[in-house]
Amino acid sequence: MKRFIQPGITVVYALFILISLFTGFEPGREIGSNFLTFALSMLKILPASFILIGLFEVWVKKEIIQRHLGEKSSLKAYFWILLLAGTTVGGMYVAFPVSASLYKKGARTSIVIAYLTAAAIFRIPMAIFEASFLGLKFTLIRFAVSLPLIIISSELLGKMIENSSMKTELFPEET
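For the sequence shown, this note's numbering assigns the number 3 to the initial residue and increments by one for each residue that follows.
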């Protein structure tokens with residue numbers, strides 16, 4: 003039954019858009035237009051991003067990730083992960099595959115969580131845009147407040163996941 007839900011929802015969505023186009027239902031047409039705009043923007047970013055992620059998988063050795071971001075890594079791991087997150091282009095739909103790759107190569111759970119969080123709020127292009135509209139002072143204050151919160155919350159969440167059955171639910175291939 004579950005395997006029919008996703009295709010069923012997709013078919014119903016496509017039918018809704020098609021019927022909206024033919025009947026002139028404006029909210030449906032706008033939804034279809036927004037979907038098309040989003041899909042085209044993703045198609046511009048994702049192929050290059052996935053090539054880079056594939057190269058990362060092949061070129062970066064597991065031992066390097068384990069040494070710098072693994073279980074025995076120091077606080078310096080957060081510096082590296084913030085640097086990586088700050089340069090991530092393509093939003094969260096690029097950050098999730100990168101985080102999966104980091105985890106498979108041996109990065110600590112808390113480091114992966116910190117990467118995902120930082121990729122959402124510490125991207126350099128976003129910070130430049132923010133500083134140009136809200137001011138450099140606002141951006142620096144937001145960074146100063148966010149950075150300790152990212153580190154503390156990722157450490158806490160990482161420990162909770164490592165010490166619970168949640169890890170086997172999130173990462174079933176490792177059990």
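Keep in mind that the hints are not guaranteed to be accurate.
[Stated by the list, open to error] The calculated lysine-lysine pairs, modelled on DSSO-like cross-linking and capped at a C-alpha distance of 27 Å, are:
{"id": "1", "residue 1": "K78", "residue 2": "K139"}
{"id": "2", "residue 1": "K46", "residue 2": "K78"}
{"id": "3", "residue 1": "K78", "residue 2": "K63"}
Please keep in mind that the hints were generated in silico from the structure rather than gathered at the bench.
All figures in this text were calculated on a predicted structure; none of them were measured in a lab.
Hint check:
| no. | hint | in the structure |
| --- | --- | --- |
| 1 | K78 to K139 | holds (26 Å) |
| 2 | K46 to K78 | violated (34 Å) |
| 3 | K78 to K63 | holds (19 Å) |
Hint violations for this structure: number 2 only, all remaining hints satisfied.
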